[in-house]
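Chemist: Just need the whole structure built from these sequences, with the hints factored in.
Per the numbering used here, the sequence shown starts with residue 1, numbered consecutively.
Because the hints were derived from the structure by calculation, they are not lab data.
A virtual CB, placed ideally from N, CA and C, is assigned to each residue, including glycine.
Listed next, with one range per pair, are the computed distances between beta-carbon atoms: (1) R104 x L156: 22 to 28 Å; (2) I3 x P162: 49 to 55 Å; (3) N17 x A122: 21 to 27 Å; (4) G30 x N161: 40 to 46 Å.
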Amino acid sequence: TTIDPPGSTGTTLTGINSPGEISGIYNGAGGLTHAFLLSDGEFTSLDVPQATYTNSTALTSHGDVIGRYMAGTVASGYLLREGLYSTIAFPGATFTGSASMNERGDIVGRYRTADSTSAFHAFLLSGFQSGCVAYVPRVALSSGTAAVTHASDFKLVTAANPAAPGELLSLFAAGLGPT
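Modeler: Here's what the structure looks like:
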């Protein structure tokens, strides 16, 4: 069976889940690359807002799409869940690519920093929660090698913005040794 979105000039399939939905990438008008979801015979283009390039790398059994997009000169990962995009960007990275996600919400991928011209590093983002998708998180930056953010809005945990007991937090770290 040939699968090509209407108007595409090249197509790659990247995932299929148990309900039979298919994710992929296609080249469209003007040479732009778009992600797509094929569900019940209907193609839906998936373009992260403000992006000049969007791809998909994986599809979960719940219909969550994982991928990467370009905005300016920076590549970031994304999770698309229930129609809402959530950015996944490793602090200080010029490239972050989300590769896959399991049923627990663990996301794996790779990143590259501006001072590393060719070396990629792997990352594991454990337990990504659906509540995070209500916001498009910013890249968490700190003056050190680690940043702790509130998982609900990805704002930095500080003395003025402390974590509450039992609150879900996200930890971003670099410089922990060879990967």
